[in-house]
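Model the full assembly from the supplied sequences, consistent with the hints where possible.
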Amino acid sequence: MIKRLPSIIKHKGPDLLGIGGLLLLWQLIAASGLVPRYMLPTPKAVVLALIEDRALLWEHSLVTLQEAMLGLLIGILIGYLFALLMDRFEGLYRAFYPLLILSQTVPTVAIAPLLVLWFGFEMTPKIILIVIATFFPITVGLLDGFRHADEDAIGLMRAMGASRGQIFWHLKAPSALPRFFSGLRIAAAYSVVGAVISEWLGGFAGLGVYMTRVRKAFAFDKMFAVIFLIAVLSLALMGVVALLERKCMPYRDKGDKNETL
Amino acid sequence: MKRLEIKNIYKSFDGKGVLEDVSLTLSEGELVCLLGISGSGKTTLFNIIAGLTLPDAGQVLLDGEEITGKPGRISYMLQKDLLFPFRTIEDNVALPLRLKGMGKKEARRKAGELFEAFGLDGTQKKYPAQLSGGMRQRAALLRTYLFSGEVALLDEPFSALDTITKSAIHQWYLRVMERIRLSTFFITHDIDEAILLSDRIYLLSGQPGRIVDEIVIEEPKPRPADFNLTEEFLSYKKKILEKL
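Residue numbers (the working numbering), protein chains in the order written: chain A, 1 to 261; chain B, 1001 to 1244.
All the given hints hold, so there is nothing to weed out.
Below, a list of computed lysine-lysine pairs in the BS3-like style, where the Cα atoms sit at most 30 Å apart:
1) K247/A <-> K1125/B
2) K1126/B <-> K1110/B
3) K1100/B <-> K247/A
4) K1126/B <-> K247/A
5) K247/A <-> K1080/B
6) K1166/B <-> K1239/B
7) K1002/B <-> K1237/B
8) K247/A <-> K1110/B
Facing chain A, according to a computed beta carbon distance under 10 Å, are these residues of chain B, among others:
9) P1071
10) F1086
11) L1153
Estimated spans, in silico, between C-beta atoms of each pair:
12) F89/A <-> G1101/B: 23 to 29 Å
13) R252/A <-> T1053/B: 33 to 39 Å
14) E1113/B <-> F89/A: 39 to 45 Å
15) K1104/B <-> L73/A: 26 to 32 Å
These aren't lab readings, by the way, just hints derived from the structure by calculation.
Note that the structure is a prediction, hence the values are computed from the model and not measured.
Ideal Cβ positions, reconstructed from N, Cα and C, are used throughout, including at glycine.
Written as structure tokens, this is what we have:
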């Protein structure tokens, strides 16, 4: 840990430089009139729009976040169940793996209207859409993880008389954690995007609905503001996942080999 | 008293003989070594004793009871320590007790009692990645001991270690064995290691592998640290090299 700290500080500089430079360039281009002001608002105008609409954005954010979280949670549960069954029964794996892949070739935007027609403008179709978008990375990550549990370690557990359930609990499930979290991080980002897309197509509240409204009013500054907000929400959710990851895998931070024989 | 008996084991894969009429015994408190060159069927025999592979013919008896093809009776230790990276050393070591249905606290307490004897004190809360290779092998041996109590299989447990670490762990091993009772069946291709640690050595050779000789190492235990520099040691070594 001690060794890593300076390297983080060292890297922070260039990172901020990149973002800062981009913002500066944006401000310069927008202010110079190279692009008409109404099409590309200045960063300053975007920030002002954020502040002006803050109460409204807060309300819509809560709705979107609620959908995203609920969809993600159900997605995780279904994803875990799928992976569990497909790992346990080889037949299920072979039958459903191609379907699983196939389900991901259908673009979310294409099924969203169908879901709205079937389930209306309330929360149900939105949650379903998010579940469809999020369970996949979870299932694939877990399946991969379960299958990568060390063969020799499984043999050793068998020699110690471990049952299938014990092998799963003590070895396979924890072995799959890193891949599970990789999947979860992607799923977390998908959940916010999925919520926004589903709101575009109908609904009464949420950032997607707000976005549709400001688009119709050609309020570019507000468009940029809400895009910015969505990105921040996704990042925040991914941050929560990263935090959870460190909490669940404390051994990952510990690699110093001070012991000698 | 005989703990482990292996009687007339035959095994072939795809018509190719791997083991032919292999019989061995392991008595109470003994360390018996199976010495053989690579490809002589050492690991196959090992899997048969652990119950993970069925022999074509022959029997494995533990305390007179047939355990052929029955895993869950004898634990083993490999060159790879197979400690779970996501568990602390104490939880890794206590795993066999947990598998037998013991609660977490009880298992930790019981495993904890042996940390000192195995020279592992202070590593309880550490993760495997924080320990050196030698320390990890110690923990793996403790785990093996906690599983089967008194009969253990060791398949080239120290062969991944460098020479200096290996010689240190040999001394450690002999010290630990003075304090705990363990009937050990040890597989290796290292002749020096076999002579240094064993009470008896079986030589496995040929294709299919068969027992070509059995050598008793008379030197009493504990053996002096410079045993491997004595005339006696070299004569054992010469004898083994001629046979293999």
